[in-house]
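Enquirer: What follows is the residue order along each chain.
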Amino acid sequence: MSEGAKLIGVGATRIALAGAIVEIGNVFSSLIHSVACDLSLPKQLFGYAILGFAFTEAIALFALMMAFFIFICFL
Amino acid sequence: MNSFLYITSPLDQFEIRNLLSLDAPILGNLSLSLTSIVHGIVVNQINAKNGQVYFPLMYTLFVFILMNNLIGLVPYSFASTSHFALTFSLSFTIVLGATLLGLNKHGLEFFSLFVPAGTPIALLPLLVIIEFISYLARNISLGLRLGANILSGHLLLTILSGFTYNIMTSGFIFFFLGFFPIAFIVAFSGLEFAIAFIQAQVFIILSCSYVKDALELH
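First to last, the sequence lines map onto chains F and U.
If you count the first sequence from 1, position 50 lands on 50 in full-length UniProt numbering, and the numbers rise without skipping.
If you count the second sequence from 1, position 8 lands on 8 in full-length UniProt numbering, and the numbers rise without skipping.
Everything labelled a hint here was simulated from the structure, so no lab data went into it.
Think of the CB as a built atom: it goes at the ideal place given N, C-alpha and C, for glycine as much as any other residue.
It is possible that some hints are incorrect.
The list that follows gives simulated cross-link-like pairs (lysine-lysine, DSS-like), each with its CA atoms no further than 25 Å apart [what the hints assert, rightly or not]:
| no. | chain 1 | residue 1 | chain 2 | residue 2 |
| --- | --- | --- | --- | --- |
| 1 | F | 43 | U | 105 |
| 2 | U | 105 | U | 49 |
| 3 | U | 212 | U | 105 |
| 4 | F | 43 | U | 212 |
Just a few of them, taken from the derived set where beta-carbon distance is under 10 Å, the chain F residues facing chain U [said to hold, decoys possible]:
| no. | residue |
| --- | --- |
| 5 | 27 |
| 6 | 50 |
| 7 | 55 |
| 8 | 60 |
| 9 | 61 |
One chain only, chain F, in its complex shape:
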């Protein structure tokens, strides 16, 4: 029973992906907006977009690490 409860808990951590998915779309959509809004794309702007993508992906991976932690470290 504890094994089943752990699996339910691990599945429940996937809800955190919703925020990460929205934010990654937000970052690149604002990149496209600012490129279309009379701004030639210097490397710095694209660099900011990649930086924002790495941060939001880090949050998604924090949730993944919590799932692993719950699965392995509780009996």
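On the provided structure of chain F, position chain U as indicated by the hints.
Expert: Quick look at chain U alone, frame taken from chain F:
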């Protein structure tokens, strides 16, 4: 033979040189090299005049993380940055070093880093506690970001490859149907290649930002 024109020192072995660089005046004066990229990051994040002192550290860190990430992408090889022991020891060391740098430079005034500008007095204790916890979380988040990205990429590739092997060995027609998962695995390995570069760059951008926070107390 007895006149030395240049004084050589044993520190010459630590000089950082451009090994691979791209110099194309035809593409709009494009001059790319690893040292220029890292130098640009360091000088932009930390002070433009005094920030060059931290360039050897950041360059070494960048090349270390990048090469460990790339070596891990070779099949049957070992991804050392996917182990949290390595990434947490790097991040704890860097944030502790930045803290000691700030304490050495500013003394006890370093703790004004935890007070954001323009806050009402009533909120101050709560805000200082929150800022302090967020500063402590920098240790973990820097290492966890790198380790979790590389680990999850490799884990996904392992799981997909296991399933694809089961598909391809279960029949004659399934062997040819198995090329679609293999195409996805190849494409995802390309993404992992990009993630290797991006995670190394994000690591040193954040390290430079933490050093700047400690030196200049925003």
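Enquirer: None of the hints should be skipped; say for each whether it holds.
Expert: Right, here's what the structure says about each hint:
With a C-alpha separation of about 34 Å, the suggested pair residue 43/F and residue 105/U falls outside the 25 Å cut-off, and the hint is violated. Under the criterion of a C-alpha separation no larger than 25 Å, the hint pairing residue 105/U with residue 49/U is consistent with the structure, at around 17 Å. At most 25 Å may separate the alpha-carbon atoms for a hinted pair to count; residue 212/U and residue 105/U meet this at roughly 12 Å. Among the hinted pairs, residue 43/F with residue 212/U is consistent with the structure: their alpha-carbon atoms are about 22 Å apart, no more than 25 Å.
The beta carbon of residue 27/F comes no nearer than 13 Å to any beta carbon in chain U, farther than 10 Å, and the hint placing it at the interface is violated. Interface hint status for residue 50/F: upheld, as the beta-carbon distance to the closest one in chain U is roughly 6 Å, under 10 Å. Nearest Cβ of chain U to the Cβ of residue 55/F: about 8 Å, under the 10 Å cut. The hint holds. Taking 10 Å as the C-beta contact cut-off toward chain U, the hint placing residue 60/F at the interface holds, the least distance being around 9 Å.
Here the hint on residue 61/F is kept, as its CB sits about 4 Å from the closest CB of chain U, short of 10 Å.
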